[in-house]
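K.L.:
So you can see what is in the structure, the chains are spelled out below.
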Amino acid sequence: MPEAEGEESSAEGSTFWSGTISFGLVSVPVNLLAANRSQRTSLRMVTEEGTRLSRRYFTAADLKPLDSDQIVRGYELEKDQFVVVEDEELEKLAPERTRDIDLRVFVDTRELDPIYFERAYYLTPAGNSTKAYRLLARVMEETGKAGIATFVMRAKEYLIAIIAENGIIRAETLRFGEEVRTPEMVGLPEPTDVKPMDVKRLEKSIEKLAQKKFDPSELKDGSAERLMKLVEKKLGSGKDVVKAQDEDDEPSDVIDLMEMLQRSLAVRDSDGDEDSAPSRPAKKPGSSGRSSSKSTATKSKPAGARKSQLQAKSKAELYRQATELEIEGRSGMSKEQLIEAIQRSA
Amino acid sequence: MAARAMWKGRIRFGDVDVPVKLYSAVQDQAVHFRLLDAKRKEPIKQQMVDPETGDVVEYASVRKAYETEDKELVILDPEELAELEPPESREIEVTRFVPLEAISHVWYDRPYYLGPDDNAAGYFALAKALRSQEREGVARWVMRKKEYVGSLRPEGDYLMLMTLRHAGEVVPASALKAPAGRELDEREVRMARQLVEAMSGEFDIAAYRDEYRERVLDLVQAKAAGKVIKFPKAEKKTEEKSLADVLERSLQVAKKEKKSA
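Those sequence lines, one after another, are chains A and B.
Read in our numbering, the first sequence has 166 at position 166, and its numbers run on one by one without any break.
Read in our numbering, the second sequence has 89 at position 89, and its numbers run on one by one without any break.
It is possible that part of the hints are untrue.
[Said to hold, decoys possible] Computed footprint of chain B on chain A, listed as stretches where at least three residues anywhere in the stretch have a Cβ under 8 Å from a Cβ of chain B:
id : segment
1  : 41 to 49
2  : 151 to 164
[Said to hold, decoys possible] With a straight-line Cα cutoff of 35 Å, these simulated DSBU-like cross-link-like pairs (lysine-lysine) come out:
id : chain 1 : residue 1 : chain 2 : residue 2
3  : B       : 128       : A       : 315
4  : B       : 146       : A       : 239
5  : B       : 230       : B       : 39
None of these hints come from the bench; they were simulated from the model.
Using N, Cα and C, we set each Cβ at its ideal position, and we do this for glycine too.
Okay, chain A solo, but in the shape it has when bound (with noise of 0.2 Å):
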């Protein structure tokens, strides 16, 4: 089923893609992992008894229930009139950007104005050296430079800059010049002369507030904190509170970004002398399933998946892992095409 507008961001946190940052002929491999995770608060919709509830869809004339293989994606044309279009046409139309991010220019870190950035990924080494990994952070660390590049990720260009801070490369995705409206196309009106005497006023009750560092402790965020007291009191008095039954499909996206993070940037060098770290180190015991259940360790290694592992996945899983290994034709497999295709390709 293609995915609906919008899914990108209910990924967030889990969005995985691998590929290469290239500059010059050098091509460094990386994964990329938000930088941004699912706020803690967001809620579920339940009924009023407390069964979670399921977004399906239905025909509009009649409501008669589809399956994910009955929907397609349309381009409405006129009103009313609509071109389908798969996901694989799109995939098609970008073939030799989805897996590299070609860095073409490096511009000074400084110059891009803060009005073009949208969201941050990071990159971590993947591949078994972190040595162009490193040299690349290195340099456009000590340099104060960003590359600039365009990448195609699920359906949509990026524009990023990839920017180094404390060895770690990330890529900020930057909003396209016409995406940004000027001051004259909202239509601010044109500056006025200023009274020195009023600027200078400012700048003094500016002064009274100043601080040279940002404590980002200040973004903390009320709404959520007395959502989470509400919770709390809930839970302690046992007033509305029910024990969630077992989901079989859609498990919801709760992982741990930063134990995720610091893992996938924990990659040595296999060909060095230093102490030998296993590739990637056993889930830990405390993990839940459904912390793994889609990210690092599907993604990572669908060459081992078997079919009784793949049979546990939920048809969503398995489509995004067929977009990740670019099986054509998945829009129109049932579950168990997708698993077969899986295993094909794998």
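Put chain B on the given structure of chain A with help from the hints.
P.N.:
Just chain B now, kept in the frame of chain A:
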């Protein structure tokens, strides 16, 4: 055409009070698709369903619940949720000013322009003061029943309000450990630096267009007209050699390109 203001408020700190109008600084250019019934090519309807019974649950009886780590659901009544809403206010309260760039880009969410409302002189004076001080303010406000934290910053002659993500929503780089490995080879570092410098240029946003979006729109038009669709072919990648060799060759290519440019 001038945009309509989304909201009106007042910037407040100390004895400063500057009325402003707020405008979105971004415009959506995404190609939007709709989900269709494959057979009838008609838009479909989305509804919430009780998975146990298969029954559709009407909006009025849908409740929201917080799910704990122990898989307990705490059901929250609409009245309780309404009580959590922040009180309405027109104040954009600036609590602090920090040097520009003190707030990492990873916190940035959405940019809004602020325009003057009545007091244009006060507005432009504040923009000028922030610019000359090279500072941005940390601001809090409530807009459409939602609480925001943002950065009040100068943008040219104007003021901009950049919404920031809340603490906990972003993993800062400082909380992560950089990948480790053997000491880097100084010769390779030198070559890589030369390569980055050879590839350096000015940042020109106008040089980048969402070409993929244009291709998608072309595809749609071609399909509508019943034309044969041509897809671009993938390029083959050359195989890898040692890092030093690759750097060396890249440098040669980059230098040659710079000369001919």
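K.L.:
Would you check the hint for residue 128 of chain B and residue 315 of chain A, treating anything up to 35 Å between C-alpha atoms as holding?
P.N.:
violated (56 Å)
K.L.:
Take the segment 41 to 49 of chain A, compare each residue's beta carbon with every beta carbon of chain B, and decide whether three or more fall closer than 8 Å.
P.N.:
holds (count 7)
K.L.:
Is the hinted pair residue 146 of chain B and residue 239 of chain A satisfied, with a Cα-Cα distance of at most 35 Å?
P.N.:
holds (27 Å)
K.L.:
Below or equal to 35 Å on CA atoms is what counts here, so check residue 230 of chain B against residue 39 of chain B.
P.N.:
Satisfied, since the Cα-Cα distance of roughly 26 Å is no more than 35 Å.
K.L.:
Within the assertion that chain B covers the segment 151 to 164 of chain A, do at least three residues meet a Cβ-to-Cβ distance smaller than 8 Å?
P.N.:
That given contact holds, which follows from 6 residues of the segment 151 to 164 of chain A lying within Cβ reach (below 8 Å) of chain B.
Checked against the numbered hints listed earlier, the structure breaks hint 3 alone; every other hint is satisfied.
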